[in-house]
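J.: What follows is the residue order along each chain.
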Amino acid sequence: MPTLPRTFDDIQSRLINATSRVVPMQRQIQGLKFLMSAKRKTFGPRRPMPEFVETPIPDVNTLALEDIDVSNPFLYRQGQWRAYFKRLRDEAPVHYQKNSPFGPFWSVTRFEDILFVDKSHDLFSAEPQIILGDPPEGLSVEMFIAMDPPKHDVQRSSVQGVVAPKNLKEMEGLIRSRTGDVLDSLPTDKPFNWVPAVSKELTGRMLATLLDFPYEERHKLVEWSDRMAGAASATGGEFADENAMFDDAADMARSFSRLWRDKEARRAAGEEPGFDLISLLQSNKETKDLINRPMEFIGNLTLLIVGGNDTTRNSMSGGLVAMNEFPREFEKLKAKPELIPNMVSEIIRWQTPLAYMRRIAKQDVELGGQTIKKGDRVVMWYASGNRDERKFDNPDQFIIDRKDARNHMSFGYGVHRCMGNRLAELQLRILWEEILKRFDNIEVVEEPERVQSNFVRGYSRLMVKLTPNS
Amino acid sequence: MGKVTFIEHDQTEHVAEFKAGSSVMQIAVDSAIPGIDGDCGGECACGTCHVIVTNEWFSKTGTPGNEEEQMLSMTPERASTSRLGCQVVLTDEMDGMTVHLPEFQM
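Those protein sequence lines, which keep their order, are chains A and B. Going by our numbering, the first residue of the first sequence is number 43, and it counts up by one from there. Going by our numbering, the first residue of the second sequence is number 136, and it counts up by one from there.
Hints listed in this document are in silico derivations from the structure and should not be mistaken for laboratory results. The beta carbon of each residue, even a glycine, is placed where N, CA and C say it ideally should be. Any given hint could turn out to be false.
Output of the computed footprint for chain A on chain B, the stretches with three or more beta carbons under 8 Å from beta carbons of chain A [said to hold, decoys possible]: (1) 162–176; (2) 179–193; (3) 208–216.
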């Protein structure tokens, strides 16, 4: 049975699709903004937008099990997440929190249990959202990461070519020259913030290429992504202004509609289609009219942008943090650069840039001695599975030649496994190859600042000082 | 004991020995054969141990189950004799088998 808000979202999507031929997409979204605001004034909000104010998080050992709430968006920033998840893994590996700001939810925290949930798409649905909370009302966009088979399979296969290894081979040279350019432009005489200078810059350029988005406007992609993934109601992030999110969505719709129409016209004029995302969508019979289904169109573009933004960006920063916490590993790396591919997997395990994916039980399921009821929200905490001592020896240690580093769960498992995994590995491998060519040391000179979120495990500020190779 | 030959996309051949009961993925990883990742460790959940069995050996490897079918359907290099190496448990009957590796794992 669909829930009431879901039904409303469905009706809204159908309405938007039906009118999309005559009303520009950005106008439709602006229209939704006013409709939602009117609805809120008349009926009150579906769930009040939570507001998160940071307070010190108590030591987990002072809490009763039932009071442990790992949805707190400051858990990562305050460095408490390890102790919280360890206690859940040891004492309540399938744990129910009945009144979080995002509503009740189950946490699954052991590697094996997470793998089971992730594989069992017949028992656990990825619909309608994969984040713990709800997106702003009216902005329930449709993306294949939050669809079940068979609809998921059709949509995924139409876009995965853009990040498929075959396409990547073509991109390797471009990625390397850009990485080199960015590293060569860094100051070597004073500390600077690595996050905007390198991590954001390289991922922004990559996204612009994958989407064939106007290069000089690429910062927009990063800003949209940050705000979508950082909605307070969805992930406990810092963005609580729903109107601004509608404006973003409208802005995105305008930019991408223009890009779509432009490519359509060029193709009609006989130009060879490129290997960018929109060209691929237009080449596939299932998606060639995607622009007439605006919530899906926006959804799948958002997915690609968010999927390629926070993830790789924070692994680019996280690798430096890891090397500074475990300096002997950097020495090991300099002595044996052939460890880079394995080190890349270890960085992705250690950082786990996205903490979890959410599912909804499609029926009652027994797991870890608990009964998850049909309709319950279930959160698979990859960040905890990657530190499960039942799976990884010394899981909190960063070990670049860890034998089973590739077994990490940061990409998820099963049909929703990360489509961009090879691109992410390629970007990180090239970054570290180019770093070793240039720098003898990269020292983190201040405590890094971490973002507010229960979903994104990232850095907003990472001050570093470079020592060039002599 | 038996042997399986793995042929990479560029035609490089590698031979791995096996004891009945191991999986094709396991012997490939243990023998460090390039082109087989086995990221999920044999859970049929990542699709990175894709092999294409030669026609004459395919029937000896059994048939893919539903989970395997689902993962295989996600790879663009899927062929009619594709299998996930972790789901092919080797028997003495498979001594001498040849499998091809795709150009890329997912």
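J.: So, for every hint listed, does it hold in this structure?
T.: Do the hints match the structure? See the list:
1. 162–176: The restraint on the segment 162–176 of chain B holds, since 5 of its residues have a Cβ under 8 Å from chain A and three suffice.
2. 179–193: n = 4 at 8 Å, threshold three: holds.
3. 208–216: holds (count 3)
Violated hints for the displayed structure: none, as all numbered hints are satisfied.
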